[in-house]
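> One line per chain: the protein sequences are C and Y, in this order. Using UniProt numbering, the first residue of the first sequence is number 1, and each one after it goes up by one. Using UniProt numbering, the first residue of the second sequence is number 1, and each one after it goes up by one.
Just so you know, these hints were derived from the structure itself, not from any lab. Possibly wrong hints are sitting among the right ones.
Below, simulated DSS-like cross-link-like pairs (lysine-lysine); rule was C-alpha separation at most 30 Å, straight line [claimed, not checked]:
| id | chain 1 | residue 1 | chain 2 | residue 2 |
| --- | --- | --- | --- | --- |
| 1 | Y | K124 | C | K124 |
| 2 | C | K257 | Y | K124 |
| 3 | C | K124 | Y | K252 |
| 4 | Y | K252 | C | K252 |
Which chain Y residues face chain C? A few, computed with CB under 10 Å, are given here [said to hold, decoys possible]:
| id | residue |
| --- | --- |
| 5 | A69 |
| 6 | A73 |
| 7 | R97 |
| 8 | Q122 |
| 9 | E123 |
| 10 | A177 |
| 11 | S178 |
We put the CB at the ideal spot given by N, CA and C, even for glycine.
2 protein chains.
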Amino acid sequence: MTPHTVVACCQLAPRVGDVAHNREISLQAIHNAARQGAQVIVLPELMQSGYVFTDHAHALNLAETATGATVSAWCEAARALDIVIVAGFCERLDSTRVSNSAALIDVNGVQAIYRKAHLWDQEKHIFTPGNEPPPVVQTRFGLIGMMICFDLEFPEWVRLPALAGAELLCAPVNWPASPRPVSERPCEVVRVQANAAVNRMFIAACDRTGTERNVDWVGGSVIVDADGYPLAGPLETPSNGPAMILATLDLKQARHKRISALNHVHADRRTDLYDSARRA
Amino acid sequence: MTPHTVVACCQLAPRVGDVAHNREISLQAIHNAARQGAQVIVLPELMQSGYVFTDHAHALNLAETATGATVSAWCEAARALDIVIVAGFCERLDSTRVSNSAALIDVNGVQAIYRKAHLWDQEKHIFTPGNEPPPVVQTRFGLIGMMICFDLEFPEWVRLPALAGAELLCAPVNWPASPRPVSERPCEVVRVQANAAVNRMFIAACDRTGTERNVDWVGGSVIVDADGYPLAGPLETPSNGPAMILATLDLKQARHKRISALNHVHADRRTDLYDSARRA
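Please build the complete structure, drawing on both the sequences and the hints.
So this is what it looks like as structure tokens:
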């Protein structure tokens with residue numbers, strides 16, 4: 001394992017329904033990021049398909065399996081460049097069901113598939129929710145977990161890969177833009193920071209850009225350190241075209257969970273009380 | 001219940017060991033805040049005693065019960081002004097044990113005592129940790145929960161009063177200052193924002209100021225709305241003397257947990273998965 005890990009988020013503008021275009025721009029971005037030294041490259045949620053489907057049939061029609069053309073192309077890039085890729089795709093589960101998925105790919109191919117467990121809005125009419133906790137994969141660049149977008153709004157869910165040892169959580173996201181006070185950082189980014197801090201785990205969230213069927217996006221890609229402070233980003237470029245952020249991470253910091261002489265972010269959890277209070 | 005609730009955080013500078021002084025400045029601040037319209041007034045953690053004890057005996061010597069002089073004086077103020085006060089004090093539990101506690105007081109006296117469950121650093125050598133979840137009290141200004149400082153770093157703990165219906169969480173804190181990147185908002189404040197947003201619950205965190213035995217403080221008092229954005233503060237006045245923030249809250253916003261046509265911040269939790277993953 002190298003002492004430091006260079007992580008990139010490629011904030012791109014997929015077009016819903018144009019799978020060939022989306023594959024092409026994702027491969028360009030991967031090669032560009034790798035040229036700049038990136039070892040772990042995160043792409044947006046549903047990079048392969050775009051996001052704003054008309055309905056379930058639309059998504060099913062665009063879906064691919066983990067052995068389909070797009071994930072295979074990403075595997076080829078990971079092999080050629082000796083990198084890790086975490087990217088979102090619309091996964092065909094069987095003849096009728098689709099999942100909002102992310103693949104973790106390294107030089108040897110697909111190492112894990114994660115299926116979004118917390119579905120946002122109309123996704124509930126389209127996707128089958130995942131029922132498995134986020135995988136944590138030992139890569140040669142560090143222990144990497146993954147989850148997708150709205151999953152990040154459930155701190156209980158973020159705890160799971162953190163407790164399983166993830167040093168870096170890679171999160172493909174599509175954050176729809178919503179009003180916020182002038183000069184405030186988007187609350188989506190704030191939640192990423194808090195999730196990182198309470199777990200002492202690095203998080204790389206890769207958002208998208210490019211208005212799609214009248215939906216705009218935060219465009220807030222960010223790479224946050226184990227203290228919860230941004231190392232790169234947050235970008236704030238809604239509809240202003242693609243962008244990339246890059247940061248060099250000392251992932252071993254995430255192995256040190258002590259935050260004072262007597263405190264440890266995980267050991268100090270009083271799970272007995274959380275449980276008993278919930279049962280009451 | 002009034003349609004809106006005016007909340008104040010009085011960021012004061014207690015002196016460790018000077019209980020009479022601390023009581024006096026707290027009463028002055030309460031009366032001042034009430035004159036400006038505050039209906040709910042939050043004071044810092046350990047307002048009554050100060051924070052940086054030399055040892056357990058020091059804290060035990062300063063401790064009072066919930067019928068002691070300081071809490072009684074706060075009860076008198078709450079009765080005279082018809083307000084709610086949430087304030088921290090060093091509570092004597094018995095002849096040998098002390099708790100880092102907060103009292104919620106209204107016109108009728110003490111309505112609840114909360115005892116800090118997650119102890120910070122040397123507090124572990126001084127205080128007996130609480131074993132009860134944060135109380136949620138129906139006041140005439142709204143449903144109010146409370147917790148103390150480091151408790152806020154455990155999102156599982158913040159869930160409990162939120163699930164119990166709290167519209168406003170009042171948090172006396174003493175945030176020790178620590179280095180952070182220039183121009184970044186303190187991560188303590190960021191965590192408060194995230195806790196509010198993922199629960200759609202208002203949070204008022206009242207920090208302290210005034211260097212005490214070489215410990216300085218963030219001085220980051222903040223009142224955050226149910227979307228996670230500050231309505232007042234964050235103050236950033238370490239050692240710059242006392243200050244007050246005031247905000248008018250529409251607490252009924254916290255009763256609406258829907259964040260899209262199909263999403264609800266609490267109902268969307270997949271507790272079965274959190275549990276099974278933890279047992280695994």
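> CA of K257(C) to CA of K124(Y), is that 30 Å or under?
Since the Cα atoms of K257(C) and K124(Y) sit roughly 18 Å apart, the hinted pair holds (cutoff 30 Å).
> How about A69(Y): closest beta carbon in chain C under 10 Å, or not?
Cβ of A69(Y) sits 31 Å from chain C, so the hint is violated.
> Can you verify the interface hint for Q122(Y): is its Cβ closer than 10 Å to any Cβ in chain C?
Hint on Q122(Y): holds, closest Cβ of chain C at ~7 Å, below 10 Å.
> Does K252(Y) lie within 30 Å of K124(C) when you go C-alpha to C-alpha?
holds (27 Å)
> Assess, step by step, whether the Cα of K252(Y) is no farther than 30 Å from the Cα of K252(C), and give holds or violated.
Given that 30 Å is the threshold and the Cα spacing comes to 44 Å, the pair is violated.
> Take the C-alpha atoms of K124(Y) and K124(C), compute the straight-line distance between them, and say whether it is at most 30 Å.
violated (46 Å)
> Is the interface hint for E123(Y) satisfied, with its Cβ closer than 10 Å to some Cβ of chain C?
holds (8 Å)
> Should the hint that R97(Y) touches chain C count as held when the rule is a Cβ pair under 10 Å?
Status violated, d = 18 Å.
> Would the hint on A177(Y) be counted as holding, given a Cβ-Cβ threshold of 10 Å to chain C?
violated (13 Å)
> Does A73(Y) meet its interface restraint, that is, does its C-beta lie within less than 10 Å of any C-beta in chain C?
violated (32 Å)
> May I ask you to test the interface hint for S178(Y) with respect to chain C, counting a Cβ-Cβ separation under 10 Å as satisfied?
holds (9 Å)
The structure fails hints 1, 4, 5, 6, 7, 10 (numbered hints given earlier, in ascending order).
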